[in-house]
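Q: So you can see what is in the structure, the chains are spelled out below.
Protein chains: 2
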Amino acid sequence: MNTSMNYSKAEDWYIEEEKFDSSWLGKCEAIMCLGNGYLGLRSATEEEYLNEKRGYFVAGTFNKFDDREVTELPNIADIINLQMIINGCCFTLDKGTIKKYSRKLNLRTGELSRCIVWISPKGDELAIEFYRVVSMADLHLIAQKVIITPINSNISLKIISGINGRITNSGSQHLSDGDKRLYEQKYMQLVQTTGESQIDFVHNTSLSFMIDNETCELESRIIIERRKIYMEYEMDVPQGIPLVIQKISNVYTSREPDNADIGLKKLQEKSLSLLKNAVAHGYDRIAYDSATEWGKKVWDKTPIKITAEDEFDQLSIRFAQYHLAIMVPSHDNRMSIGAKGLSGEGYKGHTFWDTDIFVLPYFIFTDPQLAKQLEQYRYLSLNGARAKALSNGFSGAQFPWESAWLDDGEVTPVWGAADIITGEPTKIWSGFIEQHITSDVSYGIWQYYKVTDDQKFMDQYGYEVIFDTANFWVSRLEFSEEDGLYHINNVVGPDEYKEHADDNAYTNYMAYWNIKKAMEYYQYLKEERTSIFNKLLNSLDLDASYEMWVDRADKIYLPVPREEDLVIPQDKYYLTYKEIDLTNYKSQTQVDTIFLDYNIEQINHIQVSKQADIMMLFLCLEDMFSYEVKKANWDYYEPRTLHDSSLSLSSHCILANDLGDYDKAYDLFRKAAGIDLGTNMKSSDSGIHAASIGGIWQCIVYGFGGVRMINGKLRIEPKLPKTWSDLEFPIIWHGQKLIIKINKNRLQIENITKEAEVEVTIYGKSYHIDDRLEVDLPEGCQL
Amino acid sequence: MNTSMNYSKAEDWYIEEEKFDSSWLGKCEAIMCLGNGYLGLRSATEEEYLNEKRGYFVAGTFNKFDDREVTELPNIADIINLQMIINGCCFTLDKGTIKKYSRKLNLRTGELSRCIVWISPKGDELAIEFYRVVSMADLHLIAQKVIITPINSNISLKIISGINGRITNSGSQHLSDGDKRLYEQKYMQLVQTTGESQIDFVHNTSLSFMIDNETCELESRIIIERRKIYMEYEMDVPQGIPLVIQKISNVYTSREPDNADIGLKKLQEKSLSLLKNAVAHGYDRIAYDSATEWGKKVWDKTPIKITAEDEFDQLSIRFAQYHLAIMVPSHDNRMSIGAKGLSGEGYKGHTFWDTDIFVLPYFIFTDPQLAKQLEQYRYLSLNGARAKALSNGFSGAQFPWESAWLDDGEVTPVWGAADIITGEPTKIWSGFIEQHITSDVSYGIWQYYKVTDDQKFMDQYGYEVIFDTANFWVSRLEFSEEDGLYHINNVVGPDEYKEHADDNAYTNYMAYWNIKKAMEYYQYLKEERTSIFNKLLNSLDLDASYEMWVDRADKIYLPVPREEDLVIPQDKYYLTYKEIDLTNYKSQTQVDTIFLDYNIEQINHIQVSKQADIMMLFLCLEDMFSYEVKKANWDYYEPRTLHDSSLSLSSHCILANDLGDYDKAYDLFRKAAGIDLGTNMKSSDSGIHAASIGGIWQCIVYGFGGVRMINGKLRIEPKLPKTWSDLEFPIIWHGQKLIIKINKNRLQIENITKEAEVEVTIYGKSYHIDDRLEVDLPEGCQL
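Listed in order, the protein sequences are those of chains A and B.
The opening residue of the first sequence carries number 1 in the UniProt record's numbering; numbering runs sequentially from there.
The opening residue of the second sequence carries number 1 in the UniProt record's numbering; numbering runs sequentially from there.
By construction, these hints were calculated from the structure, which means they are not laboratory data.
There's no promise every hint is true.
Remember, identical chains collapse to one label, so a pair may be satisfied in a single copy or spanning two.
Calculated cross-link-like contacts (lysine-lysine; reagent style PhoX-like; alpha-carbon spacing at most 20 Å) [as the list claims (entries may be wrong)]:
hint	residue 1	residue 2
1	276	535
2	122	19
3	737	297
4	682	104
5	228	682
6	744	186
7	158	682
8	737	372
9	186	754
10	53	228
11	266	276
12	427	228
13	305	631
14	305	722
15	744	305
16	122	95
Keep in mind it's a predicted model, so treat the numbers as computed, not measured.
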């Protein structure tokens with residue numbers, strides 16, 4: 001464990017690493033990742049280390065290495081490398097002496113910096129500063145600046161830098177060794193093309209140098225090797241004089257609609273010419289433009305203020321908003337958010353229910369346009385979902401557990417890590433039977449609709465998805481002669497430690513909800529929106545569908561609370577499984593430690609849950625269950641839940657708050673924020689946890705802020721943690737931007753759009769806000 | 001430059017590295033490479049370093065990454081890794097303190113060892129010994145032993161070791177992520193399959209531990225990740241007690257005829273069961289069996305003794321014989337020797353004329369059975385050669401410049417390094433127009449035939465190759481109305497600094513020789529071997545061919561010495577090109593430095609040669625040219641030759657000796673041996689230089705030993721370097737093994753086979769040896 005990570009600076013816009021240890025590179029590479037939704041760039045260092053994991057991804061550029069693998073986001077050529085050789089000594093923090101060290105990510109500007117004073121093994125002392133941005137203003141642009149100042153002597157400096165196309169996805173190479181060119185002795189270009197999907201990438205980069213504020217031309221040499229193009233520069237830098245190196249790079253691909261048909265040659269020319277413009281602007285201007293865009297897009301638009309004893313809490317929401325901004329492909333509705341954003345190879349860039357249930361609410365409530373695009377992605381994936389249903393013998397649309405390019409359908413890998421007992425790889429069942437994703441997608445669309453009131457979206461896209469997912473569910477149901485009811489057997493519910501569950505409560509209830517919602521909208525359209533109704537009537541054979549829905553919806557088996565203790569069985573057999581002492585596995589700072597003692601086959605038959613399962617049901621359909629039922633189930637299941645998934649802590653935090661266990665709620669919030677920002681130095685190696693990061697916002701706004709859309713209505717019932725004095729955040733409800741301010745005993749809501757009145761329920765009372773509302777919090781909710 | 005390489009130990013069987021520097025890893029990885037002709041294993045260390053280049057190849061398992069690349073030998077999964085974590089500190093020589101260090105390759109036994117005393121950054125002092133062999137007795141087997149002894153404290157030791165399938169060929173991944181299995185909590189298995197050629201590899205490995213001479217079972221944990229299977233072991237090792245770790249591994253592929261049809265599952269079972277046997281034997285037994293086989297196969301069979309002032313000379317021939325033994329695929333005649341053997345990715349495992357002209361003579365004279373297999377490879381490649389001729393509009397068989405699997409035909413890459421002027425990649429013309437390879441193949445066959453007298457080989461294979469290559473040449477010739485002669489325009493000769501040469505002397509003479517040889521054998525077969533003649537008559541349309549040969553052979557333009565200075569123009573325009581001062585490029589210890597100032601287009605038009613060109617002609621067809629002509633051309637061309645190819649120094653050494661410049665000859669021999677064994681720490685990074693290594697033997701036996709096959713006759717005219725007192729080596733001539741001993745003034749030849757009389761010419765006099773011959777050397781040849 002490394003304690004050098006520092007999040008508690010007075011200026012709470014920074015994540016800082018105060019001590020370098022090359023054993024723990026993955027952490028900062030991921031949590032300090034740069035990006036803009038188009039591209040993601042792990043914050044690997046300019047110099048190389050043995051255990052680094054360079055990562056650079058462009059959203060939506062999926063490729064399949066071979067038929068044994070599933071499609072994934074290719075890890076493209078490294079362009080940030082920059083090797084410095086000082087009097088023959090290669091700069092590396094693994095050798096020599098580090099006199100001063102700080103690495104920081106400025107969340108406000110998106111700038112990464114490192115300030116180092118280093119003494120080389122030969123005794124040369126140098127001050128080296130590194131700066132880097134991925135532009136939020138020009139999605140294709142990466143800019144780097146390095147300032148190197150010899151402190152105790154003149155130095156002879158050699159710089160080697162360029163583009164390295166040898167990077168792989170942990171050994172799988174998605175990209176060809178394409179054209180490598182040097183233009184005008186200055187601009188390097190490397191082309192890569194994916195093997196299966198045939199997407200072209202054009203990388204351009206150029207270095208320039210300033211000494212004593214004067215641009216200078218260095219002696220240089222081009223090196224072209226297999227998959228590599230590099231320039232080598234040499235110069236003498238006098239003692240005390242800073243040399244400023246700028247490296248400006250860009251990437252364009254044929255995936256972008258603008259580039260899809262222009263051909264590779266034109267793409268090479270276009271991207272090169274755009275690089276030349278960027279080089280003319282230089283690092284400082286690029287960084288300034290990017291920071292300005294960050295303000296417009298995130299910080300000025302959705303400022304969230306937490307006044308708390310520990311500034312970590314304020315930082316954690318900024319950290320979350322930063323990552324939510326860099327993970328979302330706001331430029332293209334044909335792609336969605338990966339479970340690791342664009343910050344690592346983990347989960348292959350695939351989209352899970354994490355997006356619909358954990359991440360989407362942030363965008364629904366703060367950036368409806370972006371939320372709409374994410375829902376359009378699901379609509380555009382309908383063909384793949386229909387194909388998946390068909391291939392499984394079902395009707396309608398069955399959304400893939402893991403989703404990549406639109407028509408790809410299911411892309412979940414089939415094999416996972418080793419079974420500790422048999423030594424064989426374990427089968428990943430999610431792609432086959434983790435079926436709740438289909439109602440999660442519908443639920444996300446419904447939530448978007450209800451919060452934004454975007455009727456046009458529903459007319460164009462939304463109803464079709466809700467109808468056709470209902471069609472899947474009625475075809476999926478299994479009739480039992482025994483009880484005359486419909487069951488859903490052999491599924492994985494949210495809790496992935498139960499692999500072949502029958503009648504998983506979450507799955508059954510959500511399927512029921514999905515069909516009921518379809519029935520409701522069928523009636524509504526038929527009665528009030530004839531033209532839309534007629535359009536869908538034909539394409540989806542709506543009348544026949546409706547008959548099936550009506551016939552089956554109320555015959556779905558919905559597990560009810562046991563009489564004796566109000567516990568709802570998570571699935572048919574869960575409550576019959578043996579119980580073991582989970583202390584060791586729950587107290588660990590590591591996840592998955594139970595696998596050191598049991599294999600999945602055994603865990604399947606123990607009363608232990610990986611993550612929120614019933615709890616998710618209470619959150620999604622909260623008005624269907626009473627406080628008593630929720631409390632009883634919390635008391636039963638939470639002690640049996642290891643939180644081995646990053647989808648667990650934030651949901652539990654919200655529920656703990658709902659149920660009145662405020663200290664536990666705050667504790668869970670801190671733990672949730674700690675999944676990436678915490679001291680476990682290995683937890684983020686393969687990328688940040690998008691769902692957990694969406695969950696941080698949910699803890700604050702859904703949890704402590706008490707904001708919820710319940711059955712189409714806005715409800716706000718705040719309850720701040722003891723250590724917070726103020727919380728302020730905006731939400732957008734039906735197109736009206738509301739600024740919500742909460743302090744120890746009052747709630748203030750200001751409608752700054754003022755175009756329409758907003759209805760809100762606060763502790764059971766309904767209010768209408770057209771301008772501003774202030775109410776006292778009930779006593780138990782005051783601090 | 002690193003001067004820690006030590007070759008001059010009293011015991012001249014070792015190459016030793018006395019100082020470790022992680023900047024120069026490639027050198028020892030290549031020159032200390034282990035292997036057995038079936039597999040080649042670069043001597044990367046157990047622990048990992050940033051600039052290492054792990055390499056592990058199985059002969060003949062070619063695969064093409066994609067259609068932009070040519071086929072190459074895949075760099076397969078790393079199996080020698082073994083990470084040790086001592087009280088939390090990862091063992092690496094880049095940190096901590098090295099108190100003692102020695103890495104040695106024992107050429108006699110093929111065992112690699114490292115003996116280190118190391119103090120970890122935490123102050124733990126350890127003695128660590130590493131031993132490794134690739135078995136010469138069981139071609140599939142690799143054995144490692146590590147002995148770790150804590151010197152100043154008890155230690156807690158963690159060992160992580162397994163199979164890593166993330167290795168690529170400089171970024172290109174040829175292999176799938178296949179099955180990973182752990183059997184009996186002990187045996188790890190990883191399967192890989194090549195993408196295009198669909199060759200299966202099965203890797204097995206197992207670790208075992210002994211402490212205080214007792215086998216012990218350690219606590220272990222299996223780790224399966226993408227392309228990786230590992231075990232992690234933990235134990236406490238008391239101060240002063242050595243822990244012995246053994247790691248035994250094997251590899252089998254579906255390329256082996258035995259395994260081609262049994263299916264992957266059977267191959268997995270078979271290889272696993274063979275590994276279990278090997279594990280039962282243990283490291284010491286495996287190493288002993290391998291060393292025994294080394295004796296039988298190489299050292300006892302072909303002992304070469306040099307008594308010289310500098311033991312480097314003895315070591316250099318042992319080094320050469322060692323590498324010749326590990327590069328030759330003696331198990332399978334469907335594969336040949338790559339330009340880097342199996343010691344690196346360089347030249348992609350492809351076979352060039354290097355094999356036929358530079359390497360083959362060693363095997364022809366010392367192991368005719370192996371030489372025959374190499375010639376059979378050329379015969380089996382005839383279809384590819386015919387296809388190449390046909391696709392270029394020619395008749396007969398045109399051998400590919402670079403050759404891989406039998407029917408692949410031409411596999412030379414089309415693009416090379418960057419042009420320093422235009423920044424564009426340069427086109428590699430060799431595959432298109434470096435055509436002399438076709439007569440080189442015929443020449444190799446003829447040489448094999450004349451030295452071994454293997455008539456059966458000629459009947460079955462040899463004549464067909466010589467006839468069909470002659471057919472290529474007659475179709476390739478270009479008639480000139482101007483002089484009524486046939487020319488060969490637009491070729492690359494041996495000298496690759498002249499890319500579009502007309503009438504390259506070597507090419508024209510060797511084509512002429514090839515056709516003339518075909519004519520001679522046509523006559524011979526027609527007159528004396530009717531059945532063979534009739535067989536080939538039909539298949540090759542011999543009569544029509546013969547007519548063409550007769551019509552054209554004597555009308556081929558053969559450049560003759562200029563009257564004024566006896567210089568033969570290397571090609572039509574060479575002597576007209578401008579001359580520049582080459583001092584800087586000739587005195588460099590680096591090759592290719594001329595490219596820092598000129599691009600290939602410019603070098604094409606300068607009187608500068610990369611390598612032996614006319615000199616190769618004098619060596620191959622030495623009885624066609626007088627001493628005066630040779631001397632005149634040496635004096636003209638050698639100063640214009642940069643020796644930027646490893647195919648140059650040894651040929652020049654032999655000629656210098658022939659021409660009487662003995663000091664120069666010895667100097668060139670040392671330089672030739674220094675190509676791999678010298679102090680240039682980067683020269684062998686991508687693999688050893690097979691041609692240069694064949695050349696070391698040629699310098700000694702052809703050069704100083706004066707052995708030559710001239711027009712079918714054995715000639716021996718020794719001339720030892722001043723610093724040598726004795727030279728002793730065996731050759732096999734017409735099936736008779738001759739032991740040749742040369743000292744300051746006498747030559748002794750003993751026929752130890754004694755089955756037939758051998759005729760030999762020594763300084764113009766002919767002798768017949770049935771037992772033993774001793775003659776005084778002429779005065780000028782005595783020391």
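Q: A separate judgement is required for each hint: does it hold in the structure or not?
A: Here is what the structure says about each hint:
no. : hint      : result
1   : 276 / 535 : neither (50 Å within a copy, 68 Å between copies)
2   : 122 / 19  : between (22 Å within a copy, 18 Å between copies)
3   : 737 / 297 : within (15 Å within a copy, 85 Å between copies)
4   : 682 / 104 : within (19 Å within a copy, 38 Å between copies)
5   : 228 / 682 : between (30 Å within a copy, 18 Å between copies)
6   : 744 / 186 : neither (60 Å within a copy, 62 Å between copies)
7   : 158 / 682 : between (34 Å within a copy, 18 Å between copies)
8   : 737 / 372 : within (17 Å within a copy, 86 Å between copies)
9   : 186 / 754 : neither (54 Å within a copy, 71 Å between copies)
10  : 53 / 228  : both (18 Å within a copy, 16 Å between copies)
11  : 266 / 276 : within (15 Å within a copy, 58 Å between copies)
12  : 427 / 228 : between (38 Å within a copy, 17 Å between copies)
13  : 305 / 631 : neither (31 Å within a copy, 90 Å between copies)
14  : 305 / 722 : within (16 Å within a copy, 88 Å between copies)
15  : 744 / 305 : within (14 Å within a copy, 95 Å between copies)
16  : 122 / 95  : both (10 Å within a copy, 16 Å between copies)
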